[in-house]
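Student: As a plain string of letters, each chain reads:
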Amino acid sequence: MATNQTAHADEHAHGDHRPSPYNPLRWLFSTNHKDIGTMYLIFAIIAGVIGGAMSGLIRWELAEPGVQIFWGMADAGNLGTDKLFSVQMPDGSHKAIFGNEHGYNVMVTMHGLIMIFFMVMPAMIGGFGNWFVPLMIGAPDMAFPRMNNISFWLLPVAFALATISMLVPGGSMGQGFGGGWTLYAPLSTSQQLHGGPSMDLLILSLHIAGISSILGAINFIVTIFNMRAPGMTLHRMPLFVWSILVTVWLLLLSLPVLAGAITMLLTDRNFGTNFFNAAGGGDPVMYQHLFWFFGHPEVYILILPGFGIVSQIVSTFSKKPVFGYLGMAYAMVSIGVIGFIVWAHHMYTVGMGLELEAYFVAATMIIAVPTGIKIFSWIATMWGGSIDLKVPMLWAIGFIFLFTLGGVTGVVLANSGIDTVLHDTYYVVAHFHYVLSMGAVFAIFAGFYYWLPKMSGLKYSGLLGGLHFWIFFVGVNIIFFPQHFLGLQGMPRRYADYPDGFAYWNYVSSIGYAITAVGALVFFYMLLDMFVLRRRKLETAENASPWGEGATTLEWTLSSPPPFHQFNELPVVAEEKHH
Amino acid sequence: MASHGDVKHDYHLVNPSPWPVVGSLALFVMAIGAVVWMKGLGDSGLLAAKNPVIFFVGLAGVLVTMAGWWGDVIKEGQQGHHTPVVDIHLRYGMILFIASEVMFFVAWFWAYFEMAIFHEARSAWEIAGDPDVMKAWAHWPPPNVETFDPFHLPLINTLILLLSGTTVTWAHHALQQGDRKGAMWGLILTVALGCLFTYVQFAIEYPEAGFAFGNMGDTTTANLYGSTFFMATGFHGAHVIIGTIFLAVCLIRLLAGHFTPQKHFGFEAAAWYWHFVDVVWLFLFAFVYVTPKLAMEG
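Chains B and R, in that order, give the protein sequences.
According to my numbering, the first sequence is numbered sequentially starting from 1.
According to my numbering, the second sequence is numbered sequentially starting from 1.
A portion of the hints provided could be inaccurate.
Unchecked claim - Which residues of chain R face chain B? A few of them, derived with a C-beta cut under 7 angstroms, are:
no. : residue
1   : V7
2   : K8
3   : H9
4   : Y11
5   : L13
6   : V14
7   : P20
8   : A31
9   : V35
Derived from the structure by calculation, the hints contain no laboratory data.
Cβ coordinates follow ideal geometry from the N, Cα and C atoms, glycine included.
If we strip away everything but chain R, and leave its shape as in the complex, we get:
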C-alpha cells in the first residue's frame, strides 16, 4: 500500500512497476524474432531467415519479466498486501483467465468437430488437380490416416492425469490440515505425474503417429486430421507443461514456508489450472481419440 496513512480501505494500490513496459518490449522483440525465424526480414545477419537469435532474446526477456513480476506478487503477498478482498480479486482473476483459456480450446475443437461432423460435405468438393480429395473425405477419419488405439497409450495418459488430479487434491487437503509433509509428497507426485504425461505424449506417442502434422505444399502425407490432432493435443500438452511448472513453483514455495493452512491461494490457483488442463484432456480423449475408433468400427 502506498505511503498514505489515511487510506481507509483494504484494496491494494500497487506501486509503480517496470515489468509491464519491459514485458511488452520483450514480447515485441520475440514477435519480430519469430517472423525473422520463420520468414526473415532481411537478407543477411540477424534479420535473415531461419536465424532464431532475436526470438530467443525476446523469449528470455519475457521469462525474466514473468519471474520478476510474479516474484513481486509473491513478495507483496508475504508483506500482507493480499487482504481478504484482494484475495477475492485474485480468485476471480484466475477463474476468468481459465474461462478465456476454455474459449481458446473452443477454436481447436471447432476445427476438429467441423471435420468430424461435416466431412461428407467435402466429398462433394471439386478440387482442381486433386480428384482423390473428394473420394478420401467421403470417409472419416480419412483413409490414409492411421489413428491411435485410444485404449493403449492415450488411456495410460488419461489415467496419469486423473491420478495427478487426486494427488493434487491430497496435497490441498494435507495443506489445509497443516500436514506440510503430506502436502509436499502430494505435490511432488503431481509434478512427477505431469512430467510423465509430457514424456509419454511427446516422446513416445507423437513419434508413433500414423499421420503427419504438416508438410508445406504437399498434402499426400499431411491433411486436416493431422493438423487438428497435433494442434489440439499439442496445445493441451503445452498447457500441461505450464501447469507442471506452476505446481513446481508451488512446491518450492511450500518448502520455503509461504503457505499456511488458511492462506495458500498460489497453490489453489495452480490446482484449479491443473484441473482445467485435466478436463480438456478428458474431452480430447473422448472426442479426438475414442470416437474416430468407434466410427471406424461402427
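This is chain B alone, in the form it adopts within the complex:
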C-alpha cells in the first residue's frame, strides 16, 4: 500500500554478519524472526508431507468398496498373506500394519489435526507472518524475539506427542485416538473405547500447540501495534499485516477456551469429574459448544492470512493498488468479530431448538457479506489491471475461484434445514476441503512462490511452478468435486467402508489423489532444481524486487535475502501514491 521514501543502500554492509547455516545453535537458540520463520516453513512442509501421506492412505482405503489396507489385527492367514501392508508377527500370524477400521479413523483424526495445527497454521502465521510482518511494517524484528523462538519449538514437541499418541494403546479398538479432530465427548471420555493413554497424549499435545499459538499471538499483536515504522499508520498497513492482526486476535481469545474444554476432557478421563458425563449431570453437548466456540474462529484463523496473501499478490500482478483497501481491511475485522458468534452452526443436529437454530443460520449468512466484499474487491483489483500471470498469480486466481466454490457450499450448509440432511456427509467434507485444501493451501503456495525469491535470493523455474499449479488444480478438483455428489447421495464421513452404490465417485476421487501426489512431486523437484541443481541467483537489477513495479510493500525495498538485521535505521513511510 505505502511506498518507501528513503533509500537503504547501506543496509547491505552491516546486514552481512550472518551466522553460518551449519551452526546448529543459530537455529536452536534463534532470536531472529527470519530464521524462526524459515524453521516454521520447513516444519510445515514436513508436517504437510506426513498429513498428505495420511490422506493417501485414506483415499487408498476408499478407492473401492470393502476394506483395502485397514483390514485388521486378526491373523490374516485365511485371508491370504497377499493382503496389502501385511506384516508377519513373531508368532507367525499376519496382521495389517495400519490396524483395523479404527486405524482408519485414527488416520482421519490425525490427518485433520496435523493439517490444521502443524501445517496450515505454522506455514501462514509462523512462517509468512514471522518473515513478513516485521518487514512490511518496517520493524527490525518481532517485539519479543526470544518468546518467538519458544512459539516455534513448542510445535515439534506438540507434534511428537501427537505422533506418540498414534503408537500407544487407545482403547478397546486398538492404538491411537480415532474420534475425529473435534475430540467429541463422550467418545473421547469413554473408558471403554478410548481409555488408553493415547487420548491423554493428544490432549496435552493440543495444550502445548495452544500455548505456542497464544504466545505467538501476543507477540504479533504487540509487534503490529507498537513497532510500525514512522508514518506506517494502521490504515497504511499492507493487507497481509491486517490479516495477521485479525487472525492473532482470534487465536488469543479462542484458544484458551479450547484449553479449558480439553482440560475438562482430561479431568473427566483421569480424575472422575462429570463435565461431559450425563449420568453425573454433565452434558456432552456442552463439549461441542465449548469446542466450536474455539473451532469456528479457528477455521477463520486458517483462512484469514490467506486472504492477506492473496490481496498482496493480486495487487502486485495486476500492477494496481488493491481495490477498496479500507473495505478489505474491515471486511476481515468483521469476519473475525462475527466468527465468534456463529459457532453452533456446526451443531444443528444436536437438538438445540428452532429459535437458536434460526439465529445461527442468520448470523452465519451475514458472514457471506464481508466475504463477498473481499471476493469482488479482488476481481475489481484485477479489472483493468495489467495482469501478469506469473506463478504466484496463478495460485492466487486459483484460490479466488476455488475458495468461492467452497464459500458457496458453505452458504448451502449454513441453512439448518439443509444441513440436517447433509450433516456429517461427504458434502461437508467437500465443502471444507474446498475452503481449506484449495483455499488455505493454495494461498500458502501462492505466498510461497511469491516470497521464495525474497527469502532465498534465488530464482525458481516458472515452468515447474506452473506445472505444479496445473497438476494440483486438476488433481484436487478431481478429489473433492465428486465428494459433493457422494454427500448428496448420503455417504457419511469417517467410515472405512461404504455400499457399492458409492463406488464410482470414490474411485474417481482416489484417482484425483494420485494426480495431486504427482503435483507434490513436481513441487519438490522445483525446490531441488532451485536450491541444489541450478541455484540461480537473482540478477542485481532485480535483486530487491523480481516482480517489478507492482510490488510496493516494504519487503521489496530490501535485498534478497534481506540482511540478517534489517532496518537498523527505521524507514519513513510517506502517504501512498494513487494511480
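Chain B is fixed; fit chain R onto it per the hints.
Tutor: Same frame as chain B, now just chain R:
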C-alpha cells in the same frame, strides 16, 4: 542490543538464548511424565503407571527455564535494554496475556452457567440405568449437594483478597513516592494475605465441602456441581499461588534495589495480575457461592 554500533532504533534485539528450546524439551518430558503418572506408557520401571518421576523431572526443567529466562529478562532490564518503547511492549504483552487468561476462565464459567441456567433441561433426559438423575436435576443445586454458606469462609476470603488489593496499591503508591519502606510493608502484607487466602481455601474450606470433586465411574457422590466448583475455584486458587509468587519475587527485587520510583514495571505487572485474580474471585463469589444460596432460599 547486539554489537552493532550503527543501530539507530530503541528496540531490543535479544541475543540468542537457550531457554526456549530447553523449556520446550522440559515441557515435552513433563507431558510424557504426566501421561505416565496418570495412565502409564509401559509395563514396568519408569514408564509404568503411577510413576511420577518423569513428570517431576520435566517440571524441574520447566522451573529452571522460568528462573533462567526471567532472570535474563531482569538482567537485561537492569542493563538498560528496556527502553521506553520496549517498556510499552512489555505492558501490552502483560495485558494480552491477562486477556487470554480471562478467556480461559470463560470456559469454566461457561460450564458452570450451563449447569446453573439449563439444569431443568437435564430433568428431561433419559439415562439408562440411572433414573434418579432425571429427578435430581429438576432442582438446582442438585439435592445431594450441600453448598457452602457464602457469608462464612467465602466472605472472609473475599475480604482477604479485597484487602490485599488495597495493600498492593499502597505498595505501588509508596514505590512511586520513593518510600521503599512503605512499599516493602505493603508487599509483605500482600504476600501474607495471598498465603492466608490459599490456606483458608485449600486447608480449611475444601476439606469441609459437602460434595465431591470426582469419583471415577461412580456418580453417587460426585456430580457436575463438584466438577465445576472445584475446577473453577481450584484454577483460581492456582492463580492466587502464582500471583503470590510473582509478588514475592517483586519483594525480593525491591529489597535488591531493582525498582525506582519511575521504572518498576515488574512490580506493576504483578499488581495487574493480582487485580485480575481478585476480579475473577469476585465473579466466583457472586455466582458460584452466593447465587446457589439465593436459589435455594428463593
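Student: Please go over all the hints and tell whether each is borne out by the structure.
Tutor: Comparing the hints with the structure gives:
Restraint check, V7/R versus chain B: the minimum CB separation of about 5 angstroms is within 7 angstroms; hint holds. Satisfaction of the interface hint for K8/R is found here, the shortest Cβ-Cβ separation to chain B being roughly 4 angstroms, below the 7 angstroms cut-off. The interface hint given for H9/R is met, as the beta carbon of that residue sits about 5 angstroms from the closest beta carbon of chain B, less than 7 angstroms. The criterion of a C-beta within 7 angstroms of any C-beta in chain B is met by Y11/R, whose closest approach is roughly 5 angstroms, and the hint holds.
With a cut of 7 angstroms, the hint placing L13/R at the interface with chain B holds, because the nearest CB-to-CB distance is about 6 angstroms. Because the smallest distance between the Cβ of V14/R and any Cβ of chain B comes to about 4 angstroms, under 7 angstroms, the interface hint for this residue holds. Residue-level restraint check for P20/R holds (minimum Cβ-Cβ distance to chain B is 4 angstroms; threshold 7 angstroms). This hint holds: A31/R has a C-beta 4 angstroms from the nearest C-beta of chain B, less than the 7 angstroms allowed.
Contact between V35/R and chain B, as hinted, is supported at the beta carbon level, the nearest pair being about 5 angstroms apart and thus within 7 angstroms.
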